[in-house]
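Asks: Chain residues, written in single-letter form:
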Amino acid sequence: NAGVTQTPKFRVLKTGQSMTLLCAQDMNHEYMYWYRQDPGMGLRLIHYSVGEGTTAKGEVPDGYNVSRLKKQNFLLGLESAAPSQTSVYFCASRALAGGHEQFFGPGTRLTVL
Amino acid sequence: EDKVVQSPLSLVVHEGDTVTLNCSYEVTNFRSLLWYKQEKKAPTFLFMLTSSGIEKKSGRLSSILDKKELFSILNITATQTGDSAIYLCAVERTSGTYKYIFGTGTRLKVLA
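If you read the protein sequences in the order shown, they are chains A and B.
Per my numbering, the first sequence runs over residues 1 to 113.
Per my numbering, the second sequence runs over residues 1001 to 1112.
Honestly, the hints are just simulated from the structure, not real lab data.
The beta carbon of each residue, even a glycine, is placed where N, CA and C say it ideally should be.
Hints are supplied without guarantee of correctness; some may be wrong.
What the hints assert, rightly or not - Cross-link-like lysine-lysine pairs, in silico, BS3-like; alpha carbons within 30 Å at most:
(1) B/K1056 x A/K9
(2) B/K1041 x A/K14
(3) B/K1037 x A/K71
(4) B/K1003 x A/K57
(5) B/K1109 x B/K1056
To be verified - Not close to chain A: a few residues of chain B, all C-beta gaps over 10 Å, as computed:
(6) S1032
(7) S1052
(8) I1054
(9) E1055
(10) I1073
Stated by the list, open to error - Which chain B residues stay away from chain A? Per the calculated CB distances, all over 10 Å, these:
(11) V1012
(12) H1014
(13) T1020
(14) T1028
(15) N1029
(16) A1042
(17) T1044
(18) S1051
(19) K1057
(20) L1061
(21) K1068
(22) T1104
Could you put the whole structure together from the sequences, leaning on the hints where they help?
Replies: Encoded structure:
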């Protein structure tokens, strides 16, 4: 049981490049989330999904897109990276029923030059 | 606008000290308040609080919620160097989308 995994762990992009971050969970959780964490800003929600095939915007969605084609995977895309998107990205998941806690992946550190 | 505010922003103590971390919130449709510990990587769950006045306890850590005054505290007694971390507070809303609002965190450093 790997929990929540994220790939890649690190990435450096040039301004204007695109990339996709992959989040996978093996806990059969319905809900999945993408956050970014910046110094002094805490965790801010980018997009989230309440089930396969559904996505919704969070607090800071601009410049990002997401897809949830399979229940276990949640992809975060940057179409044209900007230096302001330099951050640590965390994926999280939680079950529909039971505890309210989220389970977090190890994070992806992204630098945009 | 919904917000979660943690204080202090950072704290340095010596092993054996007791610390109290604060989390206040102004959030519509409150459902629960959660505490997480973040060391080097992913935040890990500590407590979930939904009712006022009921203390949750795990070893040297304890937490309580006051829904009238809209705050929670996290206490750590007899601190150890392994307690050094960022402690995050999050509020979950009942909006049906289960969105969470996080505070900026309190960075705790425990010196040997």
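Asks: Take the hints in turn and mark each one as holding or not.
Replies: For each hint, the structure was consulted:
1. B/K1056 x A/K9: Judged against 30 Å, a Cα distance of about 34 Å means the pair is violated.
2. B/K1041 x A/K14: holds (25 Å)
3. B/K1037 x A/K71: holds (27 Å)
4. B/K1003 x A/K57: holds (18 Å)
5. B/K1109 x B/K1056: holds (23 Å)
6. S1032: Not fine: 5 Å to the nearest Cβ puts B/S1032 too close to chain A.
7. S1052: holds (17 Å)
8. I1054: Nearest chain A Cβ is 15 Å from B/I1054, so the label holds.
9. E1055: The claim stands: B/E1055 keeps its Cβ more than 10 Å from every Cβ of chain A (closest is about 18 Å).
10. I1073: holds (18 Å)
11. V1012: holds (18 Å)
12. H1014: holds (26 Å)
13. T1020: The claim stands: B/T1020 keeps its Cβ more than 10 Å from every Cβ of chain A (closest is about 20 Å).
14. T1028: holds (14 Å)
15. N1029: Per Cβ check, B/N1029 is outside 10 Å of chain A; nearest 14 Å; holds.
16. A1042: violated (4 Å)
17. T1044: violated (8 Å)
18. S1051: holds (13 Å)
19. K1057: The assertion about B/K1057 holds, with a minimum of 17 Å to chain A.
20. L1061: holds (15 Å)
21. K1068: B/K1068 is indeed farther than 10 Å from all Cβ atoms of chain A, at 21 Å.
22. T1104: violated (4 Å)
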